[in-house]
Amino acid sequence: MIDLLAFAAEVGDAEPVTITGLGTRGGAVPDVRVVRAPAGIDWVQADEMTVCCGAGTPVDELVTELAAYRQTVALPAGGTVGGALAVGRADARQLGWGPVRDALLQARYVSAAGEVVKAGGPTVKNVSGFDVCRLLVGSHGTLGFIGEVILRTRPLARHSQWFHRADVHDPSDVFTTLYRPVSVLWNGSAVWVLLEGHPDDVAEQAAVASLVACEGPPALPTGSRRLVPPAQVPLLTGGFVAELGVGVVHHAEASDAAVRPERAQVLDHTVRQALDPSGRLNPGR
Amino acid sequence: MNEALLAELRAALTPARVRTGATELGLYRRDASNIEGSAGVVCFPRTTEEVQACVRACVRHEVPFVPRGSGTGLAGGATPLDHAVVIALTKMDRVLSVDAVNRSAWVEPGVLNLDLTRQVAHLGLHFAPDPSSQQSCSIGGNVANNSGGPHCLADGVTTSHILAAEVVLTDGSVVVLGSEAWETHGLDLRGAFVGSEGMFGIATKLCVRLTQNAPAVTTMLMDFESVDAGAHTVSAIIADGMVPAALEMMDQLCIQAVEAYIHAGLPTDAAAVLLVEVAGLPHGVAADAARIVEIGTAHGARSVRIAQDEAERALLWKGRKTAFGAIARIKPNYYLHDTVVPRRALPDVLRQVYEVVERHDLLVLNVFHAGDGNLHPLLVFDKREPGVMARVHAAGEEIVRISVEAGGVLSGEHGIGLEKRDYMPLMFAPADLAAQAAVRRAFDPTGLANPSKVLPSPAGCGDLQHVPEGAWV
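Top line first, the protein sequences correspond to chains E and W.
The first sequence maps to residues 1 to 285 in my numbering.
The second sequence maps to residues 1 to 473 in my numbering.
It should be emphasised that the hints constitute simulated quantities derived from the structure, not laboratory data.
Just so you know, even glycine gets a beta-carbon here, dropped at the ideal spot from N, CA and C.
Be aware that one or more of the hints could be misleading.
Incomplete in silico selection of chain W near chain E, CB under 8 Å [to be verified]:
#1 98
#2 103
#3 152
#4 154
#5 217
#6 304
#7 372
#8 394
#9 406
#10 407
#11 432
#12 435
#13 440
#14 454
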């Protein structure tokens with residue numbers, strides 16, 4: 001267990017405060033006092049498929065450490081563990097590896113009142129109490145500053161390979177032919193597929209779907225990252241790369257902020273206010 | 001019962017679906033736990049609007065309500081207290097739409113877990129969470145408890161299979177939490193709602209993920225001369241980088257009870273058996289199965305029985321899933337626990353469980369999700385025996401404490417409900433519980449949605465004298 005008392009004291013219990021890691025996902029709120037979460041891996045339990053680390057630990061450092069146990073973690077590369085969780089956006093392997101929210105088992109965070117609070121528990125299966133962990137993921141630090149986490153790890157696949165197929169104007173056939181692909185990307189005219197598993201299974205799957213091995217996925221457009229119902233993906237037009245089955249679409253063009261139903265927005269606000277009444281944590285996020 | 005409230009409910013739902021007869025009230029005063037409460041009235045809405053009407057009427061009259069599915073919960077989560085209004089969702093049981101390409105479906109909360117899987121079987125799909133009660137439990141109940149099941153080891157528990165929920169909140173409004181896309185803008189309110197045990201609102205529609213059926217499946221049974229050898233095999237399989245589709249264990253007393261019941265040819269002299277299932281594409285399944293046999297043998301497996309066909313596979317699973325029926329042959333009553341411990345702690349915790357049970361002069365059968373470290377010690381007894389209940393209570397409390405002290409948690413899949421409410425302070429500090437209570441208040445400021453469950457009252461915090469009558473922890 002990492003000692004979070006110093007971190008909690010730094011966060012304090014009054015005045016606005018912001019947190020940053022490596023600054024890769026937006027960094028600190030401007031003109032607000034900045035704190036950083038502790039870094040470092042506390043333990044790896046390969047036979048439990050769990051790891052405990054400080055939220056300030058770089059994701060890449062964690063992935064390198066876990067590789068020694070032939071395991072990895074379903075967080076997007078770059079930045080810190082805390083940043084990846086606070087933003088809550090998975091990378092293009094979400095279809096096979098699951099959303100970021102499913103990787104977090106337990107968090108110890110510093111609340112708006114400056115207290116160290118525990119959410120969740122150390123085991124993969126756990127329904128003890130309400131799921132505050134899933135609220136923290138994607139909360140951009142507005143509910144609490146994560147100090148230490150226990151994450152679920154996953155075994156590294158025996159074999160992993162990207163494939164490509166051109167002239168695919170309806171990606172549904174490729175998508176439904178494959179058994180649990182890790183990623184299926186489509187840009188309106190071609191698909192890229194990541195397959196993992198036994199090398200012979202990967203080769204057979206690729207052959208059935210007429211896929212050709214390639215170096216990797218295409219560069220993802222960075223204009224905007226939109227969410228659409230997966231059923232609407234085949235209808236998309238313009239410059240985009242879509243994650244099939246998942247509904248994440250990377251567009252070349254910027255987009256207006258998503259419109260959410262009013263009642264959901266109100267509830268969102270009520271939850272934020274319940275955990276941070278004065279709105280001092282990462283104000284404006 | 002409040003006559004004005006009754007009149008409003010009858011007007012909204014028709015009198016036939018608002019029941020106050022002694023038979024109904026008797027049936028609905030408890031779930032599958034042994035904790036009895038008291039229902040004031042039982043309502044059977046058919047639509048979201050009718051659920052809204054029920055909730056609005058309850059809130060207007062400040063009467064608590066309890067959402068209920070099939071009532072298979074084991075923690076008293078659906079037990080109504082103080083003549084609460086029971087809102088039974090069993091008549092909302094339609095599969096509304098299925099997207100076979102993107103593998104999702106919109107369903108009403110009363111759809112039964114196994115019925116959903118049956119209805120999408122022709123598409124080569126299934127709903128992954130598979131509690132042992134899957135023939136009778138509802139999807140809405142699975143959401144309320146964030147239920148598990150043997151196949152959650154590889155595929156994750158219910159929350160990983162719920163994309164969105166249409167929810168009636170206590171202000172009577174309807175909100176959709178989450179979306180068909182796997183991520184959402186704003187907070188993951190969907191994630192908070194799953195597992196909220198009916199205390200955040202009532203789900204009236206759910207968007208579930210459906211999972212592809214595996215092209216290849218190998219199911220095997222390994223038997224061991226000691227429970228420790230079986231438990232070490234479990235850890236070794238996971239540490240080797242494999243996540244079997246299921247990894248279940250039964251101990252000797254359980255094996256003997258099951259064998260006497262289903263005659264599957266189980267080794268009744270074994271101290272423990274492991275039921276291991278590997279699923280996926282054929283080459284990977286073959287490689288994993290071979291490696292698991294090697295690991296089991298290296299840890300002292302006396303024999304490995306690999307199911308040769310679907311019939312034998314079904315028979316092996318029948319042994320696992322009917323264990324609770326089989327135990328009735330030993331004693332008429334049982335009490336089932338549901339704690340989770342780190343896999344590495346399994347041998348030690350099981351040893352302590354046996355000691356506790358022996359000291360209290362009880363019998364225990366262990367049948368559990370070993371791969372998840374999810375223990376299900378079944379204390380069997382005859383409640384007519386004088387003084388036995390006190391011993392069952394005492395043994396249960398010790399088992400919960402041992403599990404938490406070993407680095408585990410209070411509940412793996414049954415939930416907290418009333419049963420473990422006053423044990424929450426074993427796992428959570430006051431600040432942790434305050435955060436959970438704050439989230440609850442944000443969803444339900446009235447406090448009328450299934451009150452008195454999950455969170456210990458501040459006065460009772462850490463005070464184990466406040467366990468409700470009939471609650472066996």
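Structure-based check of all given hints:
1. Hint status for residue 98/W relative to chain E: violated, with the closest Cβ pair at about 11 Å, above 8 Å.
2. At its closest, the beta carbon of residue 103/W sits 7 Å from a beta carbon of chain E; the interface hint therefore holds under the 8 Å criterion.
3. Hint on residue 152/W holds. Least Cβ distance to chain E is approximately 7 Å, under the 8 Å limit.
4. Checking residue 154/W against chain E: minimum C-beta separation of about 10 Å lies over 8 Å; hint violated.
5. Given hint, residue 217/W at the interface with chain E, is violated; its Cβ is 13 Å from that chain's nearest Cβ, farther than 8 Å.
6. A cut of 8 Å between beta carbons decides the hint on residue 304/W: the least distance to chain E is about 21 Å, and the hint is violated.
7. A cut of 8 Å between beta carbons decides the hint on residue 372/W: the least distance to chain E is about 4 Å, and the hint holds.
8. Restraint check, residue 394/W versus chain E: the minimum CB separation of about 21 Å is more than 8 Å; hint violated.
9. Below 8 Å, beta-carbon pairs count as interface contacts, and residue 406/W has none with chain E, the closest being about 10 Å; its hint is therefore violated.
10. Below 8 Å, beta-carbon pairs count as interface contacts, and residue 407/W has one with chain E at about 6 Å; its hint therefore holds.
11. With a cut of 8 Å, the hint placing residue 432/W at the interface with chain E holds, because the nearest CB-to-CB distance is about 5 Å.
12. For residue 435/W, the suggested interface contact is upheld, since its CB lies about 5 Å from the closest CB of chain E, less than 8 Å.
13. With a cut of 8 Å, the hint placing residue 440/W at the interface with chain E holds, because the nearest CB-to-CB distance is about 7 Å.
14. About 6 Å separates the beta-carbon of residue 454/W from the nearest beta-carbon of chain E, less than 8 Å, and the hint is met.
In the structure shown, a violation is registered for the earlier hints numbered 1, 4, 5, 6, 8 and 9, in ascending order.
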